[in-house]
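**Student:** Now for the letters of each chain:
Protein chains: 2
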Amino acid sequence: MKLVYKGKTKDVYELEDGNYLLKFKDDVTGEDGVFDPGANSVGLTIEGMGRSGLKLTKLFFEKINEKGIPTHYIDCDIDAATMTVKPATMFGKGIEVICRYRAVGSFIRRYGLYAKEGMPLDAYVEVTLKDDERQDPLINEDALHMLGILTREEYAILKDLTVKISNIVKEELEKKGIELYDIKLEFGRIGEDKHIALIDEISGGNMRAYKDGQYIEPLDLEKMLLLK
Amino acid sequence: MKLVYKGKTKDVYELEDGNYLLKFKDDVTGEDGVFDPGANSVGLTIEGMGRSGLKLTKLFFEKINEKGIPTHYIDCDIDAATMTVKPATMFGKGIEVICRYRAVGSFIRRYGLYAKEGMPLDAYVEVTLKDDERQDPLINEDALHMLGILTREEYAILKDLTVKISNIVKEELEKKGIELYDIKLEFGRIGEDKHIALIDEISGGNMRAYKDGQYIEPLDLEKMLLLK
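Protein sequence lines correspond, in order, to chains A and B. Okay, so the first sequence: first residue is 1 according to full-length UniProt numbering, each after it adds one. Okay, so the second sequence: first residue is 1 according to full-length UniProt numbering, each after it adds one.
The hints are simulated quantities; they were obtained by calculation from the structure and are not laboratory data. Do not rely on the hints blindly, as some may be mistaken.
Identical copies carry no separate label here, and so any pair may be met within one copy or between two of them.
To be verified - Okay, derived cross-link-like pairs now, DMTMM-like style, lysine to aspartate or glutamate, Cα gap no bigger than 25 Å in a straight line:
1) Lys25 with Glu141
2) Lys8 with Glu174
3) Lys159 with Asp142
4) Lys93 with Asp220
5) Lys223 with Asp77
6) Lys93 with Glu47
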């Protein structure tokens, strides 16, 4: 097992059978010790964060797989905080796909002239480049295509999958009276046919969930969702 | 004649017949006394800048009208530095449409991970909101539609007109051995049928033009283009 990448919140190991092992860490992104899912640096370490994120990821990825949507997920070991995944190739140097149900965060920072904080948005999808140095810039379909990051056909699939996956997460949260405001997903190309699949994780760290107008911290979200 | 708007580089007066008069000023956008067509504040005043910008605007708007592309242009008075235009309504609180033939400026600041300075781009079109406070944020088609700024049909027309108009400007520059790197256009809705038309101006102040790899200042561009 060879360490191939040290990420902000996960380390990646290559397995002998060609699959990969993701090790979920207790580090979370944020600034000045305050958690922010959109931040580009590790802001703090929260005991149990890795396992908690993996529990939710297992929940969501299994649900998403059940619906026939491809993901890189194979299985996981909660105690070890590891997930086994299929190898995937990235779009360019990595993109993030955001689905928004309410206007918060960077949407308001950009479009505050037209949108009020908390305004409903109809599963609006946007793509940003993973580029810490340039603060993950927004990019439109034409530029993604022109820069060779993905084709127009892939963009259409990506957008469709993003709405479907986000709606699955949204419905899961609604069962516990929790509202999904926005969510950030990552995709890659998997298998010989290079089909588009959900990769990375889905946990409190890449979404904003609210109950009765109050933001729910990632660890609390896991407890609320997994409580029987 | 009533002053209805004081802009950074132009003042707008309402005429008694319902048309408007644009007074081109000698103020140009920039920072710290250096001209920057993308800047949001007036950086310096250049004697003759207003008239110079109007001369180029007349040249380009007349060419564009000749090709059957709608504009707000009626006529102009170079000595007075004024242009008479039809009334237009804005898209939302104003948008800017950029057409890029080479990667420079904000394109590189955003997509420098994928694009080298000066890299050719194939008449790539992008839209930004006019919002000084939020540094004119980039916006995609879905958000423009969702926020009620323009319809999908209008977006398609806008993109098509932008490429056509930019190509007209590009060809005009090429006659003098000048290369257009990028250009920023403004559009509005005109007439009872609310058809989309080019508004504002087209001068050195809203494009980047280069000769032999050297950027051409707006006043020099006017001289080079209007020299017989």
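**Student:** Since the copies are identical, ignore which copy is meant and state whether lysine 223 and aspartate 77 lie within 25 Å (CA to CA) inside a copy, between copies, both or neither.
**Tutor:** Within one copy, since 18 Å is at most 25 Å while 71 Å is not.
**Student:** At most 25 Å between CA atoms: does that hold for lysine 25 and glutamate 141 within a copy, between copies, both, or neither?
**Tutor:** neither (33 Å within a copy, 37 Å between copies)
**Student:** With identical chains, the pair lysine 8 and glutamate 174 could be close in the same copy or across copies; at 25 Å between alpha carbons, which is it: within, between, both, or neither?
**Tutor:** For lysine 8 and glutamate 174, the Cα distance exceeds 25 Å both inside one copy (30 Å) and across copies (49 Å).
**Student:** Within a copy, between copies, both or neither: which one fits lysine 159 and aspartate 142 at a CA-CA cutoff of 25 Å?
**Tutor:** both (14 Å within a copy, 11 Å between copies)
**Student:** Treating 25 Å as the Cα threshold, decide for lysine 93 and glutamate 47: within, between, both or neither.
**Tutor:** neither (30 Å within a copy, 47 Å between copies)
**Student:** Is it within, between, both, or neither for lysine 93 and aspartate 220, if the alpha carbons may be no more than 25 Å apart?
**Tutor:** neither (32 Å within a copy, 41 Å between copies)
Checked against the numbered hints given earlier, the structure breaks hints 1, 2, 4 and 6 and satisfies all the rest.
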